[in-house]
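Trainee: From first to last, the protein sequence lines stand for chains F and B.
Taking our numbering, the leading residue of the first sequence gets 1, the next gets one more, and so forth.
Taking our numbering, the leading residue of the second sequence gets 1, the next gets one more, and so forth.
Think of the hints as simulated: they come from the structure by calculation, not from any bench.
Each hint should be verified, as a subset may be incorrect.
[As the list claims (entries may be wrong)] Counterexamples of contact, computed for chain F against chain B with all Cβ distances above 12 Å:
1) Lys6
2) Pro13
3) Asp48
4) Arg61
5) Ala83
6) Leu87
7) Gly113
8) Arg198
9) Gly222
10) Ser233
11) Ile264
12) Ile283
[Unchecked claim] Restraint ranges, calculated between C-beta atoms of paired labels, are given here:
13) Gly24/F / Asp233/B: 30 to 36 Å
14) Gln176/F / Ala411/B: 48 to 54 Å
15) Ser56/F / Thr267/B: 23 to 29 Å
16) Asp233/B / Arg61/F: 28 to 34 Å
17) Leu106/F / Ala58/B: 48 to 54 Å
18) Ala58/B / Ala14/F: 56 to 62 Å
19) Glu375/B / Leu106/F: 45 to 51 Å
We put the beta carbon where it would ideally sit given N, CA and C, even for glycine.
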Amino acid sequence: MSDRIKIILLLAPAMAVIGLLFFGGLLVGLMRSLNYMPVIGLTEPNLDAYVAVFSSREFLRSFLLTFHISFTSTVISAAIAIAAALLLRRTFVGRGVINFLFQLNLTVPHIVGAIGILYLFSQSGSFARLGYAAGLIERPSDFPALVFDPYAIGIILQYVWKEVPFIGVIVLANMQAIGQDYESVARSLGASKWQSFRHVLLPLIFPGVLSASVMVFAFTFGAYEIPALLGASHPQALPVLAYKAYTNVDLAARPQAMAMAIIIAVLSAIMIVAYTRATRARIRG
Amino acid sequence: MTLKRRALLGSAMSLALFGASQIQADTADGDALIGQDWDAIVEMARGGEVNWFLWGGADNINQYVSDYIGGILRDEYGITLNRVGLTDTAEAVNIVLGEKEAGVMDRGSVDMIWINGENFRTMKQGGLAWCGYTETLPNTALINWDNPAIANDFGVPVDGCEVPWSRAQFAFAYDAAVTENPPRSIPELLEWIKANPGQFTYPAPPDFTGAVFIRHVFYHAAGGVENLLGEFDQAKFDEASARTWEILNEIEPYLWRAGATYPTSVTQLNELFANGEVALNFNYEPAQFGLGVMAGTYPDTVMSYGLSDGTIGNTNYTIIPFNSPNKAAALVLQNVLLSAEAQLTKAQPDVWGTSPGIEMDRTPADVQAAFAAIERHPSVVSAAELAENALPELQASWISAIEQGWLANVAQ
Numbered sequence: 001m002s003d004r005i006k007i008i009l010l011l012a013p014a015m016a017v018i019g020l021l022f023f024g025g026l027l028v029g030l031m032r033s034l035n036y037m038p039v040i041g042l043t044e045p046n047l048d049a050y051v052a053v054f055s056s057r058e059f060l061r062s063f064l065l066t067f068h069i070s071f072t073s074t075v076i077s078a079a080i081a082i083a084a085a086l087l088l089r090r091t092f093v094g095r096g097v098i099n100f101l102f103q104l105n106l107t108v109p110h111i112v113g114a115i116g117i118l119y120l121f122s123q124s125g126s127f128a129r130l131g132y133a134a135g136l137i138e139r140p141s142d143f144p145a146l147v148f149d150p151y152a153i154g155i156i157l158q159y160v161w162k163e164v165p166f167i168g169v170i171v172l173a174n175m176q177a178i179g180q181d182y183e184s185v186a187r188s189l190g191a192s193k194w195q196s197f198r199h200v201l202l203p204l205i206f207p208g209v210l211s212a213s214v215m216v217f218a219f220t221f222g223a224y225e226i227p228a229l230l231g232a233s234h235p236q237a238l239p240v241l242a243y244k245a246y247t248n249v250d251l252a253a254r255p256q257a258m259a260m261a262i263i264i265a266v267l268s269a270i271m272i273v274a275y276t277r278a279t280r281a282r283i284r285g
Numbered sequence: 001m002t003l004k005r006r007a008l009l010g011s012a013m014s015l016a017l018f019g020a021s022q023i024q025a026d027t028a029d030g031d032a033l034i035g036q037d038w039d040a041i042v043e044m045a046r047g048g049e050v051n052w053f054l055w056g057g058a059d060n061i062n063q064y065v066s067d068y069i070g071g072i073l074r075d076e077y078g079i080t081l082n083r084v085g086l087t088d089t090a091e092a093v094n095i096v097l098g099e100k101e102a103g104v105m106d107r108g109s110v111d112m113i114w115i116n117g118e119n120f121r122t123m124k125q126g127g128l129a130w131c132g133y134t135e136t137l138p139n140t141a142l143i144n145w146d147n148p149a150i151a152n153d154f155g156v157p158v159d160g161c162e163v164p165w166s167r168a169q170f171a172f173a174y175d176a177a178v179t180e181n182p183p184r185s186i187p188e189l190l191e192w193i194k195a196n197p198g199q200f201t202y203p204a205p206p207d208f209t210g211a212v213f214i215r216h217v218f219y220h221a222a223g224g225v226e227n228l229l230g231e232f233d234q235a236k237f238d239e240a241s242a243r244t245w246e247i248l249n250e251i252e253p254y255l256w257r258a259g260a261t262y263p264t265s266v267t268q269l270n271e272l273f274a275n276g277e278v279a280l281n282f283n284y285e286p287a288q289f290g291l292g293v294m295a296g297t298y299p300d301t302v303m304s305y306g307l308s309d310g311t312i313g314n315t316n317y318t319i320i321p322f323n324s325p326n327k328a329a330a331l332v333l334q335n336v337l338l339s340a341e342a343q344l345t346k347a348q349p350d351v352w353g354t355s356p357g358i359e360m361d362r363t364p365a366d367v368q369a370a371f372a373a374i375e376r377h378p379s380v381v382s383a384a385e386l387a388e389n390a391l392p393e394l395q396a397s398w399i400s401a402i403e404q405g406w407l408a409n410v411a412q
């Protein structure tokens, strides 16, 4: 048996799962979004659901909100993660402990984190209670609205909290593999600390930062549970809006739900490509 | 095992059992049973079995059905009860619908379904229900068919196609240690909201409980529910809904977070209430306020209450599909469910704690006494007190129109 065939055979189970479940699901979703469901007598595909979705103001507002959530979370997480990795690669007493603490919440599920945010930052949460005890606020509504708020602060807080260690671990591993030799050379040739970071280290770690950021962006753009738990009732993140249409008692809303799901998939793909190109051009340029 | 798998396995098993039971007298012909002597029906049912499809998501309900009701059927009537758990009642309706489409007219696999609302409407519209038999049941005497909330299932006339099992009614709640005089009618509530800014909110539809609250305001705006019963009427809807959105937009600045956002689920409202962010709460199942106090989520001083202009109640029913081959056994089962003893047991807080579908004052004196002696949790309003002012649910078409209208006119 040639190596090629062996590789193909070994990959087959994984590819079958991806092909059947992922692309199969995508295909069925695409068919339903086109109003094609022979089981209930819909056999003439059309674009009605897409027209309805794109002409709805609610969809546009949801899209802007979702983009804001993903973009802001990704940029803040990446910036903090790089800064943290720069500190963590140094040698200092207690580094092992700090490193462990830094990575600890990688194991905490998103939902648990969201409940934590709720307990800490809601208007009757721990910080509001501390504020009350300190005489800073008189009633829950005096505390700033950080969850269920129109700017999605609670959602972004949760994502940043969870994604900083994720990007951080990748960047740190990257930095340690690269070592400090290149920067030392740059410094010996007269580069400032900032210059050696900006023009030497950053381009070197950039592929790692980029791939981690893309993962975070795509995940946050399509994730349902955090905006469902911490989001305002209106506008809602796209996945929440799609799920709401999917569970609508009116069966006619089902194709629209599927259309939204397909649009979410296409939009995240487009934005990932754009994000990759834009940041790559900026760093190299 | 997941509920769905259990339901599937259950259906498969009951199908297999059903095949074996064909030697028993087949009682698929409903017309032959209607008006028959009850003892004769019981004899026909003896030794047979009945496949009851019902939501299986609560252990206490499953236990009551399998052990208590199943025990009575086995010991007193020699009938085997097969409880088939469902995650969604529509699954059972779809089985019957599929059988009808496939031409299975007298050998169906479903003998009874726990049902109400839209699923009942589907059964009735699709001609999937067996109707006109209710007077044959001896315990029909315990049912108050003159109560519009019993005779209409979410606005659809029952017409002898199902019999009531239990009732639930909307109730409000407040913390007596914080709020002195909670508003006791919708007009009072609207005034109260303006006088107490930030202390009230309701979950945004499609949340079920939030939608029920909006219907209370809708009834008020329409000048009473009497005008809204029956088929959806666009003219009536336009008039009442315009007024409803006006009222709800008028109170919006006085809601929690000045109405900039609404809770998205009743669970979120419960949290806000538990944390003292809002002063009022409401639920379709008042027993849950007692459970909340027992769980320590709410303080002991939380009290639930009804409104003087009424709160919406719904009734849930049991229905027999047109193609059930075991109609005699299904009738016996329905009669047992309606019996005073079975309803009394079901009302015990440690069994289920739900309100009877029958009129308890038509039951024997000892049952009435035992029913009156049931110790309610002090935080739970008495079902009898609530029932004095009960409002019916509307037909499903009204309900979805109100929800859509709210999203378009109030949410944005």
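Trainee: Evaluate each hint against the coordinates.
Mentor: Okay, the hints, checked on the actual structure:
Annotated as non-interface, Lys6/F keeps its C-beta farther than 12 Å from every C-beta of chain B; the closest such distance is 37 Å. At the 12 Å boundary, the C-beta of Pro13/F stays outside the reach of chain B, the nearest C-beta of that chain being 24 Å off. Distance check on Asp48/F: its Cβ is at least 18 Å (rounded) from any Cβ of chain B, clearing the 12 Å threshold; non-interface status holds. The non-interface label for Arg61/F is inconsistent with chain B: the shortest C-beta to C-beta separation is roughly 9 Å, within 12 Å.
With a least beta-carbon separation of about 33 Å from chain B, Ala83/F lies farther than 12 Å from that chain, consistent with its non-interface assignment. Taking the minimum C-beta to C-beta distance to chain B, about 38 Å, the non-interface status of Leu87/F holds against the 12 Å cut. Its beta-carbon lying about 17 Å from the closest one in chain B, Gly113/F satisfies the requirement of being farther than 12 Å from that chain. The claim that Arg198/F lies off the interface holds: its Cβ sits roughly 42 Å from the closest Cβ of chain B, which is beyond the 12 Å cut-off.
Every beta carbon of chain B lies more than 12 Å from that of Gly222/F, the smallest distance being close to 19 Å; the non-interface claim holds. Here Ser233/F does not stay apart from chain B, with its beta-carbon only about 4 Å from theirs, under the 12 Å limit. The non-interface label for Ile264/F is consistent with chain B: the shortest C-beta to C-beta separation is roughly 19 Å, beyond 12 Å. Every C-beta of chain B lies more than 12 Å from that of Ile283/F, the closest at about 39 Å, which supports listing it as non-interface.
With their beta carbons about 45 Å apart, Gly24/F and Asp233/B fall outside the hinted range of 30 to 36 Å. In this structure the hint that Gln176/F and Ala411/B lie 48 to 54 Å apart at CB holds, the actual value being about 51 Å. Taken as a hint, the range 23 to 29 Å holds for the pair Ser56/F and Thr267/B, whose Cβ atoms sit roughly 27 Å apart. Checked against the hint of 28 to 34 Å, the pair Asp233/B and Arg61/F passes, with Cβ atoms roughly 33 Å apart.
A hinted range of 48 to 54 Å is violated for the C-beta pair Leu106/F and Ala58/B, which are about 37 Å apart. Between Ala58/B and Ala14/F the CB atoms are about 40 Å apart, so this pair departs from the stated range of 56 to 62 Å. About 50 Å separates the C-beta atoms of Glu375/B and Leu106/F, a value consistent with the hinted range of 45 to 51 Å.
Hints 4, 10, 13, 17 and 18 from the list above are not met by this structure, while the remaining hints are.
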